[in-house]
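K.L.:
Given only the sequences and the hints, what does the whole structure look like? Please build it.
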Amino acid sequence: MTVIEPKGPEVPAKRPRRAHAAELSAFGEPFLWAHGGALAIGIVLIIGFLVLVLWNGIATFWPRPVAVVTLEDGSLVAGEPSRTEPFRPGPELLSSLSETQRQTVAAADGWAERRLYRIGNYDLYNEDFRWIADYAVARVDYPPEMVFVERLEWGPFVGMVQALAVGGETRTAASLRPGELQSELAKAQDRWQRIRHIERSLIGAVNHEMERERLAVRRAILDHGAGSPAALAAQAAAERRMKPLEERYQALAAEARAIKDADAAVTITLADVGGRDKTMPLSQVVRIYAANDLSLIEKLGVYVSRWWEFLSEEPREANTEGGVFPAIFGTFAMTLLMVIVVAPFGVITALYLREYAKQGRLVSIVRISVNNLAGVPSIVYGVFGLGFFAYILGGSIDDLFYPERLPSPTFGTGGLLWASLTLALLTVPVVIVATEEALAAVPRSMREGSLACGASKWQTIRNIVLPRAMPGILTGLILAMARGAGEVAPLMLVGVVKLAPELPIDGYFPYVHLERSFMHLGFHIYDVGFQSRNSEAGKPMVFVTTLLLIGLVAAMNATAIVIRNRLKRKFAVGHF
Amino acid sequence: MDAAATTTRDAFEPTEYHQAKSSQGEIIEIKDFNLWYGQAQALHDVNMTIEKGMVTALIGPSGCGKSTLLRCLNRMNDLIDNLKIKGRMTMDGMDIYAPGVDVIGLRKRMGMVFQKPNPFPKSIFENVVYPLRVDGVRDRRELEEACRRSLEAAALWDEVKERLEDNALGLSGGQQQRLCIARAIASDPDVLLMDEPCSALDPIATSRIEELIDELRGTYTIIIVTHNMQQAARISQNTAFMYLGRLIEYGQTEVMFTSPFQRRTQDYVTGRFG
Chain R
1 MTVIEPKGPE VPAKRPRRAH AAELSAFGEP FLWAHGGALA IGIVLIIGFL
51 VLVLWNGIAT FWPRPVAVVT LEDGSLVAGE PSRTEPFRPG PELLSSLSET
101 QRQTVAAADG WAERRLYRIG NYDLYNEDFR WIADYAVARV DYPPEMVFVE
151 RLEWGPFVGM VQALAVGGET RTAASLRPGE LQSELAKAQD RWQRIRHIER
201 SLIGAVNHEM ERERLAVRRA ILDHGAGSPA ALAAQAAAER RMKPLEERYQ
251 ALAAEARAIK DADAAVTITL ADVGGRDKTM PLSQVVRIYA ANDLSLIEKL
301 GVYVSRWWEF LSEEPREANT EGGVFPAIFG TFAMTLLMVI VVAPFGVITA
351 LYLREYAKQG RLVSIVRISV NNLAGVPSIV YGVFGLGFFA YILGGSIDDL
401 FYPERLPSPT FGTGGLLWAS LTLALLTVPV VIVATEEALA AVPRSMREGS
451 LACGASKWQT IRNIVLPRAM PGILTGLILA MARGAGEVAP LMLVGVVKLA
501 PELPIDGYFP YVHLERSFMH LGFHIYDVGF QSRNSEAGKP MVFVTTLLLI
551 GLVAAMNATA IVIRNRLKRK FAVGHF
Chain Z
1 MDAAATTTRD AFEPTEYHQA KSSQGEIIEI KDFNLWYGQA QALHDVNMTI
51 EKGMVTALIG PSGCGKSTLL RCLNRMNDLI DNLKIKGRMT MDGMDIYAPG
101 VDVIGLRKRM GMVFQKPNPF PKSIFENVVY PLRVDGVRDR RELEEACRRS
151 LEAAALWDEV KERLEDNALG LSGGQQQRLC IARAIASDPD VLLMDEPCSA
201 LDPIATSRIE ELIDELRGTY TIIIVTHNMQ QAARISQNTA FMYLGRLIEY
251 GQTEVMFTSP FQRRTQDYVT GRFG
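Residue numbers (our numbering), protein chains in the order written: chain R, 1 to 576; chain Z, 1 to 274.
For the record, the hints were derived by calculation from the structure and aren't laboratory data. Keep in mind that this is a model prediction, so the values were computed, not measured. Errors might be hidden in some of the hints.
Said to hold, decoys possible - In silico DSS-like pairs for lysine-lysine, Cα to Cα no more than 25 Å straight-line:
1) Z:86 - R:358
2) Z:116 - R:568
3) R:457 - Z:122
4) R:568 - R:539
5) Z:122 - R:358
P.N.:
So this is what it looks like as structure tokens:
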């Protein structure tokens, strides 16, 4: 076939047109998949993490049924079934098994399944959890008479109610009227609360006053010297005032004893499936429910009451049980105090750097240094906070204002104030950088407009620049807050403790005690998860506490974001 | 263009005709004024006098230094680092650049309107009374009186009197610019500096501003930088033509636009370059 060349006027040779297929980047978006993929991985990780925490956190307090497992050898085990896992029985274990069991294991290539039961009854068996291999199980029942008992001490009890003794009159489980146990329990808890109130609040107040008297005497001795007339007078006055206090203390102690005696007369006898029983005061019981015989409403009731306990009570049993209220309060108070310190400090610094300092090499060095401060490991700040704030500053404050309390330190050790200041130091670079950017983003025309009206530089900053930069500054504060609330390592050095039931705010003068050590949700997670005697029992608490910490940080940030958006709307009205 | 071919008469000598027209005398005098941004010289030996109560237009191609000159008058250029000046500028005989001069007081005597409307993100009322607020005026009656007077003078009162508490950013571009004029005259200055006040506005808004400038003439001495030669011809009494940092010619507007002394002025006003 011949090709007929078109005949026409000669076209001048052109640069060959670029062939599209040759260069993907010329017409396509070759990295779109990479961009989207990176984003997708990030989102999956975050969502996966949140779902894990949410699911475990939300499910923890839901009451679970109690299984009674009959083993092949005829013994009984009762407990809440939790997770299962495959395992490979060792040769020793295999040799102790029966022939049929060995065959079952061998059929599964030497693997077997086992299930973890929360058997409770730590005081009887010295273990809370027990693994039971599937091949050892003969039968699993859920008898309706099984109860799950949460106690103030020794963790939960799993078993049956045998008898209830009220003032010498003993009733067996069968003769109990429905609801009688719960009403007696409510009364017993009431008594317990009253004892606690007397011991903690009333006797606490008396002790507080006695301590004040003791300190006053010591102060007088320190000021005027031992044996001086002033010191002797103070001593006499203190003794005079101590008398009624002493009497009040005796009266309160007697009242508490009386209630305790009455309380000891009401006991509950519980029996476990192994046939051992346990008698204890009913007031030691926190919650009792028939785990296999609950309607949905009753389950919801248990669930809600557990959440309420968690949010409003103090921890017990090495933090693995009870609530985390002091930790919530501590985290909140510390973060708030940190923001109160860091906001003016960071903003004023940034104002100087951006508005007043002559831009040059020195300011650049300062700016780079500030940026790099954000990268210093937080534990270093903790060490600095302990050394500078607690020991040097706090020690000096103690020497000057609280010499009568020495050698026990007041401000000279970790505490809420020092922790907040340390975190403020840690987060101040974030605030400075964000504020500087916000200030730089204020249009020059705004400043010029204000200056041309005859406003001074400060008036311009105060009236025009700062309000306009406020949303950006708040963004910086939000970042600082998120970082500060989630920080744990430095806090362990400057005031966070495992257990501090005394809140930093109470009814004793001066009402706000910034020198007190406090609890923190982040540290609580670490402590419950890794420092408690029973990590299996602590695990659900880790998830719940994590959920709570995330919730708290999210709530605080949401508040700040709402404020910021309200400010932003003010400036976002259409131009033209 | 061939600079050497033209006569060199950098300083303006008022014509007799012009002197006769000038009744109120001079308010600003600029003498041998030079300015450098770092190494680059932006103004070369500028000499001119501004007459009281007149509208003086500064025209010239981009980058000729007219805005720089304007911003030197109320010392807005102080904000720029590495700025060096030489020469004298006086207002009513007071040296603007004397050491220790009250810059804030100076700016209160010279209202300024910028190229782009720059109302503050506050209410219309607060925008107008801002110069009084920074003066420390607290009396509500006085503020309201000043607000009304300024807005009326800026021909904006009827449009906004119902919504003085609304955010000023909700106004249209032309309204915003008139608001800025109202703000500039709220503190009752002597001089009004306008840096291309209409360049960001549409023709209708522009004509309203021009009318306004016409009305304000006499009460205030107005110095206006403009790119628009028709605008300069329409609203000004005196016109200064600047080129490459030099004042080429300065005179009565009619003369400048009909029979300028300088070739370059003629070329520029007739649109042959620029």
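K.L.:
Each hint: holds or not?
P.N.:
Going down the list of hints, with the structure as the test:
Taking the CA atoms of residue 86 of chain Z and residue 358 of chain R, the gap is near 23 Å; set against the 25 Å cutoff, the hint holds. For the suggested pair residue 116 of chain Z and residue 568 of chain R, the alpha carbons sit about 22 Å apart, so the restraint of at most 25 Å is met. A distance of roughly 19 Å separates the Cα atoms of residue 457 of chain R and residue 122 of chain Z; the hinted pair therefore holds under the 25 Å criterion. Between residue 568 of chain R and residue 539 of chain R the alpha-carbon distance is near 43 Å, which puts this suggested pair outside the 25 Å criterion.
Restraint check for residue 122 of chain Z and residue 358 of chain R: the C-alpha separation of about 30 Å exceeds 25 Å, so the hint is violated.
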